[in-house]
Structure formats: structure tokens, C-alpha cells
Amino acid sequence: MPTEESLSLGQEMARARWRRRRVFVARLFRHPSFLIGAVILVLFTSAAVLADVLAQHPPNKNNYRFILMGPSAEFWFGTDGYGRDVFSRVLHGTQVSLTIGIAVATLTGLFGTILGTLASYVRWLDALIMRTLDGLMAFPGVLLAIALASALGPSVTNAVIALTVTFTPRTARVVRSGILVVRGMQFVEAAQAVGAGHGRIIFRYILANALSPLIVQLTYVFAVSIISEAILSFLGVGPPPPAPSLGNIIADGRTYIQEAWWIAVFPGIAIATLVLGLNLMGDGLRDILDPRQRNDH
Amino acid sequence: MTLFIIRRLLSALPVLFVVSLMTFLIMWLVPGDVSAEIGGSDATPEQIERIQAQLGLDRPIHERAISWYANLLRGDLGFSYLLNRSVVDAVLERLPVTLALASMALVMATMIGVLLGVSAAVRHNTWLDQASMVAALIGLSIPDFWFGIVLIILFGVTLGWLPTGGYVPITEDVLGWARSMALPALTLAFTQMGIIARMARSSMLDVLNQDYIRTARAKGMRGRTVVFKHALRNAMVPIITTIGVTTGILLSGAVVIETVFSLPGVGRLIIGSIQRRDFPVIQGGLLVTATVFVFVNIVVDVLYGVFDPRVRDER
Amino acid sequence: MTLQRRLSRYLRAFGATTVLAASILSFTGAAYAQVMGGEIVVSQNSNPPSLDAMATSSGASRNINMNVYETLFGFDENVQAIPILAEGVEISDDGLTYTIPLRQGVLFHNGKEMTARDVKASLERYRKVGATSNLLEPVENIEITGDYEITLTMKQPTPTFIEAFSSPRAPAAIIPEEDADAEAGKTSMVGTGPYKIVEYVPDSHVTLEKFDDYSQDTRHSGPDGFGGKKTAYLDKATFRIIAEPGAAVAALEANEVQIVDQIPVPAARRLESNEDIELYENLEWAFSVFILNMAAPPTDNVKFREAVQVALNMEEIMGIATEGLFNLNPGWAYPDSPYDVGDVGTEGYYNQGDVDRAQALLAEAGYDGEEFVILTDSNIPEHGRAAVVIAEQLKAAGINAVINQVDWPTALNIRMQDTGWNGWTLQMGIEPYLGPVAITSTLTGERPHFVEHDEELEALYQELVTGATAEARKETFAKIQERLYEFFGIIKLGDAGLMQAARSSVKGFKTFRFPRVHDVWLEE
Chain A
1 MPTEESLSLG QEMARARWRR RRVFVARLFR HPSFLIGAVI LVLFTSAAVL
51 ADVLAQHPPN KNNYRFILMG PSAEFWFGTD GYGRDVFSRV LHGTQVSLTI
101 GIAVATLTGL FGTILGTLAS YVRWLDALIM RTLDGLMAFP GVLLAIALAS
151 ALGPSVTNAV IALTVTFTPR TARVVRSGIL VVRGMQFVEA AQAVGAGHGR
201 IIFRYILANA LSPLIVQLTY VFAVSIISEA ILSFLGVGPP PPAPSLGNII
251 ADGRTYIQEA WWIAVFPGIA IATLVLGLNL MGDGLRDILD PRQRNDH
Chain B
1 MTLFIIRRLL SALPVLFVVS LMTFLIMWLV PGDVSAEIGG SDATPEQIER
51 IQAQLGLDRP IHERAISWYA NLLRGDLGFS YLLNRSVVDA VLERLPVTLA
101 LASMALVMAT MIGVLLGVSA AVRHNTWLDQ ASMVAALIGL SIPDFWFGIV
151 LIILFGVTLG WLPTGGYVPI TEDVLGWARS MALPALTLAF TQMGIIARMA
201 RSSMLDVLNQ DYIRTARAKG MRGRTVVFKH ALRNAMVPII TTIGVTTGIL
251 LSGAVVIETV FSLPGVGRLI IGSIQRRDFP VIQGGLLVTA TVFVFVNIVV
301 DVLYGVFDPR VRDER
Chain C
1 MTLQRRLSRY LRAFGATTVL AASILSFTGA AYAQVMGGEI VVSQNSNPPS
51 LDAMATSSGA SRNINMNVYE TLFGFDENVQ AIPILAEGVE ISDDGLTYTI
101 PLRQGVLFHN GKEMTARDVK ASLERYRKVG ATSNLLEPVE NIEITGDYEI
151 TLTMKQPTPT FIEAFSSPRA PAAIIPEEDA DAEAGKTSMV GTGPYKIVEY
201 VPDSHVTLEK FDDYSQDTRH SGPDGFGGKK TAYLDKATFR IIAEPGAAVA
251 ALEANEVQIV DQIPVPAARR LESNEDIELY ENLEWAFSVF ILNMAAPPTD
301 NVKFREAVQV ALNMEEIMGI ATEGLFNLNP GWAYPDSPYD VGDVGTEGYY
351 NQGDVDRAQA LLAEAGYDGE EFVILTDSNI PEHGRAAVVI AEQLKAAGIN
401 AVINQVDWPT ALNIRMQDTG WNGWTLQMGI EPYLGPVAIT STLTGERPHF
451 VEHDEELEAL YQELVTGATA EARKETFAKI QERLYEFFGI IKLGDAGLMQ
501 AARSSVKGFK TFRFPRVHDV WLEE
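Residue numbers (this note's numbering), protein chains in the order written: chain A, 1 to 297; chain B, 1 to 315; chain C, 1 to 524.
Think of the hints as simulated: they come from the structure by calculation, not from any bench. In this text, all values refer to a predicted model and were calculated from it rather than measured experimentally. In this text, a Cβ means the ideal position worked out from N, Cα and C, and glycines have one as well. Among these hints, one or two may not hold up.
Listed next, with one range per pair, are the computed distances between beta-carbon atoms [as the list claims (entries may be wrong)]:
1. B:V302 to A:S177: 18 to 28 Å
2. A:V122 to C:P297: 45 to 55 Å
3. A:Y121 to B:P96: 42 to 52 Å
4. A:T157 to C:E272: 18 to 28 Å
5. C:A33 to B:L154: 38 to 48 Å
6. B:T215 to A:R27: 30 to 40 Å
7. A:L43 to C:V198: 51 to 61 Å
8. C:E183 to A:T273: 51 to 61 Å
9. B:D89 to C:K112: 25 to 35 Å
10. C:G366 to B:D89: 52 to 62 Å
11. C:E463 to B:D89: 49 to 59 Å
12. B:A131 to A:D52: 38 to 48 Å
Derived pair list, reagent style SDA-like, types lysine to any residue, alpha-carbon separation capped at 20 Å [as the list claims (entries may be wrong)]:
13. C:K186 to B:L55
14. C:K395 to C:N413
15. C:K236 to B:V168
16. C:K128 to B:P45
17. C:K128 to B:G56
18. C:K186 to B:A53
19. C:K210 to C:G37
20. C:K128 to B:E46
All chains, full assembly: derive it from the sequences and hints.
Next comes the structure, spelled out in C-alpha cells:
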């Protein structure tokens, strides 16, 4: 039964959280890395959302007469081997790449949290989950994603599945270690002392506090997913044609890199810029959310 | 220490078992088989059925799994359908290429990365610091295969300084080998030096702010001596950990870079075997790669333990 | 009967015909001064799945193997069967016994002389592991009837046997007896050709070295198709695997590679003015075709298939798929080839791009927006590009076309099923080269490309293979072409070309079904 003291303790904590949140947001937008990164991300997102308005040509419209034309007023980024507008394809490709990035980051966050929480809370599951995740992590980098994407067949969904399986293990480890650190802290013990239930403790106190490293991690997962999609497409197991993704435009253009450099170069720059933006945001978030890992002093 | 190493080695066994299970899952999921490759791109269905029958490709997955594990226990990874050699030979033949590529890239990335990071830390909050960190971040953000293509055009075609791809064995021609590895290693190194530079900078900053460094400086020790004698040595522990992580990324990065530069390494072997459905090689290749990766991590752990005894006791 | 007599007469008379050819060749040959020695690198984009010639029908393997192995019979430059390792063939009047004397003094790369024992062993092995082992199905028995003679006994007269058996698709290479029991792909890689394999590093290279004891076929004066008098000028020829076409071009420009098996056409256009590089165009490389699944809706409806045929604009498809290197050709034979029957039966159907007519046909077919799945693979770029353009054109005509692009083994796997796909794009390379029988056989028999049988076509195929004279067979082929434009199981898109390139210092190179490294030399 809650006592007077515990209620006021709860209120006190809620107020503190609110204060922290306001200060946090303000600090975030004063942080130069985060700000630049956020601007880049917003620009790319708007360009992707407004792709149909911004591009004069539909992304998949081929035209035999306009094959491999260099950048011009009509085709800002030139045309590809099908006579399609590369600018339009880069915008629509950004849509696909962002969708994949967001989907992978979300799903990775979800499964990473579930597995990480289970592993840290249910003692007998810990070894099983962690050994399985270790096994998945023993495939270096994107090799597992490549193998899975080949096995499942090329599609956006399968690329998301392959990348989620690849990135979940590390995320789960981050969540697990975040929880293990927080669990021993005084405020959790205090909450237990005042009789809060397991569910409440997990969601209200532990996860909320293990969230910081998770968010930082997911920003990087977002960034790495975009590069990984490009790698999958480069190897022919990414999202299939004719729908553009930043990766498969580069894959289409690599054959003509000397004759029509614009096909591969523009989406390459788009990926690099977008990923740079996400990395900058990640750095900013880490500096503020997770000062133990701070890069700047 | 010995006990620690043995414990770490034993813990690798379940990990590798999971790896082998995953390879079976992949094989079970993947449609088609090696007959498509043997038949060629205009093979007729009748021809394909004949090839499948000749190779006995119709065995169920559990049967294949049982015989595969039985052979594995005898140290036999099977025989490739396509390469005219055993899986072990196929992998061992390629491993040096991948390891050479990854280690050359590692050396480059570490040298450039530590240099960038340390100079950024020493010149903290100056333009040099900013520029180094921007360079590191750009390295991290560029897709490596794309960067590789750009380098081929620049150094291979336009300037003609280095070969555009292909591999020269070191046993044949040392200089040719170095030239054939230069661009791929640089490509890989560029993306990894970012991680190392960032870690080097932050751990250097940590150390430079420690009391004993300030004391050393206050005592009138020269800046360079302080940095190299005291600070860098103490900053090495986190840097080595990062290098361990980087090694894994380099091994996987090598997969793609080998394709871009036509290098016959393990990564290209595995990707090629996936595309060709050469199942014994996919399984054997993945198992060997994972083993190398796991052991590199164990070595890093052990090194870490050497530098920082607390780690050893904790685990 | 007439065909086999003609054939054996032709084969026997061969010595006489070559005299004429010899004088012409030696005249043109004098213009160059062939140089012995030197090394070249040939690049190709995929790894050979096997260097065991008979066990594979892959082009990547054929490119290398045909420089290393030889067969009893093979095609000359004009796709006529000629003896290569055989002296000739004597066919009995009942057409049941083929006596094949062998050339003497032919050495294998391991130094042993080829005898009838090796030939019998090779053919027996071909039955077991040959990728097209059905070629030997008509053969009842293979007998050694002399040190240098084998005799084949047929189950029934098969007039087309020697021609079919000459096919380079999965060549019936003659290998030493010791390799006879080797499983597919596990031989010692020994043949009788002008070059021998000295090193194979998968995904990297295959190194061939000149075989010093090669026994030339002195019945000819120069190379002729897969046979003839082959001369190895180069000491070494390395086949390098460069998967990236752009990288292969870069390597050619940097002179790291001297011959590129296939280069992208835009790159070729760029290199046209480059004096160091010679381009070789082969406009009769393959038929680009689009095959429809006659078993699955909506393509099970002939009206729907007709709508697809008239909706397509072949010029745009071919232009994009082949990067501009193509011939529009509605017919099922190369222009001016012996079986070219012109555009008979094709009027009003080929290269229409007629949306209105397509929509009228769709209405007639009762089409209501079912998915039309175009299956294609990522391994052959032309396949994928053709599929993309076809999909766009069909969408414009109101067909709900979707592309399923997968890797080659998956595509083949899906294709072997009766449902799950409606159309697939294919570059038919070897069949058009071999001629009408080969093409029609893929459209008939146990499992035609378009899944369902067309009875009329089956009957025409029988008529074709038993046709007594060339004229009769050509007449039948005209009917086959007309029939193909009546039920639309397969749509001819056009003739696709192949662009090859070499350094200008490479002399004697001619574009062919595989890059011949014999009779090629380097200018000093």
C-alpha cells in the first residue's frame, strides 16, 4: 500500500524527469553535431517525401532516346542506361533507403530490447540467448545479411529481415548491459523497496534509464543499415528493380562509371551525406545522453 | 591467465555450433542448387534434371546435416561441387588473401587513425582537431565499395599508378603483390580509420586530463615526450579494444572489397558460393570465417587482459 | 538416309575442299607476320563452374575448355560438322553402324598417345556425367575395333547424330582413360588441345600454357570453327575472372588485360577512337526472347498472350537490353543463314507497340488485372534490362506487370515449376547458333520452355528432324515460324550482339562462340 512518502517520492521523480527532458532537448539543439546532423536528416526526409513534386520525371519511366545523358537542366543528375532520370531515382531511392533504415532501426530496437531484457532478467534464458546472439555476431559484419538476403530472395522486406537479424545481437547486448548497470542503482532498489511490481520496475525505471545507450545505438544502426542496403544491392540481393534504392542505382551505374559517372556518383554522395548526418546526430545524442561515452571534453 | 584463455576457448564452441546451425538454415531456405551453374544460363529443364540426378542433389536436409556433422568431427568439410578441390583446400588457399588484406588495412587504419586521433587530442579544440574529426566521420560515412570504385577510376585508370584489380601472389612478385593490395587495403582502411581515430582521440583526452600527466607537464617535461611516453601508452587499452572490433569489420568489409577489386579471398569465395549454391563451400567457408573472427576476439580479450588485469578477474 | 550419306561423303571429301581454302588462307595469312611467344590475359565475367569440359554446358567453362579439349567431331566456321580428332566416319547403309577411325599420333597433355581405349572411355564417361548425355542415347554400343578405331552401334538410324554430337554445348571431350572413372569435375584436366591447364584459382584465374607436343590437324591450313589446324603462338594465356564489367574495361585500358570477352557497349563507343584498342562486334550472338507460361493464368489464355505480343515495342526493349547492339529480326533464324525464312508469318505482330490493339485483345481475353509476373535473373544483365522495359510497356497497355528479379539458380528453380511466373526473359545463345532443330527442341519434348505442349509444333518438330532434304526442312521451318506467331508461347524480341575488345597488339583474334587463344599472336 502506497504511503505518503512514496507518493511524494513518485511526484518528485516525475517532476525531475520532466525537467531533465526539457533541459535535454534544449542542450541537444545547442549541440553543433546534432544540429547539423538533424538538418541533413530533415532535408533528406523532406526531399524523399516530396520526391514526386521535386522531380520532373517519374523514376521508372525509361526512354530509349535519352540513354546515358550527362547532367543538364532537364536531367539534373543525368540519365541512366534506361534513359531514366537519375535525380528522380535518387529522390525516390532515398525514400526506400530511409524506409529500410527506419524499419531496421525500429525492429532492431524492438527485438534488441525484448531479448536484452529477457537475458538480463530471466537467469536461465541468459546463457541461451547470449550464446545464440554470440553465434550470430560471429558472422563478420554484413556477411550474415548477404547470406540471408540471398536465401530469402531480393525484396525490401527481406532486406529489412536480413539486416534486423544482423544488427539485433549487438543491440540486445547494449540493452542487457545497460540494464545490468541500472539494476544495481539505488533508485531501482528504492522502487523495489516501496513495493513496485516487476513490470513497473522494468518499464518505468530500468528501461527508461537503459534507453540512452539504446537510442545512441539505434542511430548508428539506422546509418549502418543504409550503407548495408547499398552493399546488398551492389551484390544483387537488395531490393529488386525497377524500384530505385540508393544502393541499386549505384549498382546500375557501376558498369558505366567511366562513361556515365553521374549514375553512381550522385547516389554515392547522397548515401555518404545522409549517413554522415545520422552519425553526427548519433554523436550529439551520445554526448548528451550517455556522458560516460563522451567523445568531447 | 591460462585458465582465462581456456575458458574463452571453450566458450567459442557453442558459438560455432550456432554458426553451423545458421548455415543449415540458410541452405534450407535458399532456393535452387548448383545444377543451374553447371548447366549455364540457357540450360533446358531436362538438362538440369540430369545434372541434379548425377550429383545426388535431391537428398533431404536432415540427411545432409547428419553426414556433414559426422564428417566435421573427422575434420572433413567436404568437397566443392564446382572448384575441383576440397572445401578445406579451397578455403585455405584463399585465407591468406583475406588475412593479408584485413591486416594491411588494419595497419594503415591504425597508423592513420592513431595519428589523427592523437594529434586531434593534443591540439584539442583547434582547427586540426575539428578537421581530423570531420575526416574521421566522413570515412565512417562513405560506403566502402563505392569509394573503392572511385579509387579504381582515379588511381587505376586516370593516373595509371596502380592495377585496377586482380591479385598477384606474394610468392611470385613481392612488389606486384603490394601494388595489387594497395588500393583495396586503402579503401578498407579509410572507412575504419574513422573509428580508430575517434577512439584514439577520446582515450587520449582522458589520459591527458589525468593528474600524473599534468604533473609531468608541470615538471617541465617536453610535450612530445609526454604524449609518446606516457599518454599514448595508457591510451592503448581502449584503442586495442577498438582494433579488435575493427578486425571483425575489416574481415566483413573484405567480403565486398574483394568483389570490387577481383581479389580471390574467402569473402568472395563465400559470396560466389552462395550465388552458385556450392553448399559445402558456403558451410565450410562460413564456419572457418566465424572461427577466425571468434579467435581474433579471444586474442583481443587476452591482450586486453594483459593490459588491464581487472578484466581478467571479472570474467 | 540421304542426309547421312551426304554427310559422310562430305566428311570424306574434306581433304579435297580444303585445298582451295588453303590457298586463300595462306594468301591472306601472308599479310601478317605471326610471332611466336608472349603472354596474354583474357578477362571474362564469371567463374567457370567446371574445367571438366563434358560435365558442364556453361559458357564461362566453354570459353576456357575449348582451348584445352577437343572432340571427335565439331563445327567449322559455317556450323557444318567436321572431324577433329576423328579421321572421318563411315556410316553403314542401314544407318546403324558408325565406324570412326581416329587420328594417329595425337598426344594428351600428359604425354600419352590417344588411342581407341581413351575414346571409348571418354564416351562411356560422357554417358554418365555429360551435361547433355542424351546425345549418346541413340548409341547402343561403343566398341574398340582397332588401336585407332571405334565403332558405334545405333539403336535405330539417327540421321542427325553426328551433327548433334558435334554440339559444343557440353562438348564430348576426349580425355585419357585414367580419368574415365572420375566423378564430374574431378578429372586431372588433361586434354589434347593446343593449350593445357597449369593453374586454376577459382574466382581469380585459369592459366593455360602452350602444349609443346600438340599434334596439329594437318588436313587443314588454318583454324576452322572448333577444329582445323590450330597453332599456339602464345606461350601463356591466362583467363582472368573480373566480375565487374567496368573493372574489366579499366583493366583493358591499363593493358593489364589484352582481350575482354564482353564489354559494355557504351564503353566500346568511348574506346572507338582509342588506337590501342580494337573492337570486335558479333551481331549474331544470341536471340533475345520472352517466354510465356502457358499453364498459369493469365498467360494460359492465347488472346492474352497475343495482347502481350502486340503491346511490345521491340526496338526499345532491344535498344535498352543490349545497350544498342542489336538487329530487329522477327524471324527464328539469323538473316541470310541457311534456314532464314524471312518474316513469314510475322506480319502485324512483331515490334508493334500497339497499346490500343493490345487493350482490345485484353478485353477479348476477359483480363481483369491479374498479376503478370516477369521472372528474370541478375546474372545476365540483358535479362534484367529486357524485363524492366517489358514491364513498363505492359503496364502502359494496362497489364499489371511485376518483376521478380532473383539470382540465376533461384530463377531456374522457379521456372521449373508450373506456376508462380508468367514470363521470363532469356538470351538464347547456343540454340540459334546450332540451328532450327536445336531451337525447336527446347520448345517441344518433355518440358517445353513455355510449360504446356503445342501439339501442332510437336508434329512440325518431327517433320523437321526427319526432313529428307534441306529444302524440305526449310519449308517445315517456315511452318514452325508461322506456328510460333499463332500461339505466342515464346516471343522473339530481336537478335542480340556481343561486343568484344582487345588491345591492338593482339593479332589474329576473331569473334567466335568462345575466345580462341590459339592462332592469336602479339605484334612485336
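For this session: Note whether the CB distance of C:A33 and B:L154 lies within 38 to 48 Å or breaks it.
Result: About 39 Å separates the Cβ atoms of C:A33 and B:L154, which means 38 to 48 Å holds.
Exercise. Taking the CB of C:G366 and the CB of B:D89, does the distance hold inside 52 to 62 Å?
Worked result: Between C:G366 and B:D89, where Cβ atoms are some 60 Å apart, the hint holds.
Problem set entry | Pair hint outcome, C:K128 versus B:P45 [Cα-Cα no greater than 20 Å] | 18 Å, holds
For this session: For A:Y121 and B:P96, compare the CB-CB distance with the range 42 to 52 Å and indicate the outcome.
Result: 45 Å, holds
Exercise. Are C:E463 and B:D89 spaced within 49 to 59 Å by their CB atoms?
Worked result: Holds: the Cβ-Cβ distance is about 53 Å, inside 49 to 59 Å.
For this session: Given the range 51 to 61 Å, decide if the beta-carbon distance of C:E183 to A:T273 lies inside it.
Result: 53 Å, holds
Problem set entry | 20 Å Cα cutoff - pair C:K186, B:A53 | Holds, at about 17 Å.
Exercise. That 18 to 28 Å hint for A:T157 and C:E272 (C-beta), does it hold up?
Worked result: This hint is violated: roughly 44 Å between Cβ atoms.
Exercise. Are C:K128 and B:G56 close enough, with their CA atoms no more than 20 Å apart?
Worked result: Holds. C:K128 to B:G56 sits at ~13 Å (cutoff 20 Å).
Exercise. A:L43 and C:V198, beta-carbon distance inside 51 to 61 Å?
Worked result: 57 Å, holds
Exercise. Is the Cα-Cα distance between C:K236 and B:V168 20 Å or less?
Worked result: Cα-Cα ~16 Å, so holds.
Problem set entry | A:V122 paired with C:P297, Cβ distance criterion 45 to 55 Å | Holds, since A:V122 and C:P297 (Cβ atoms, about 51 Å apart) stay within the stated range.
Going through the hint list in order, the structure does not satisfy hints 4, 14.
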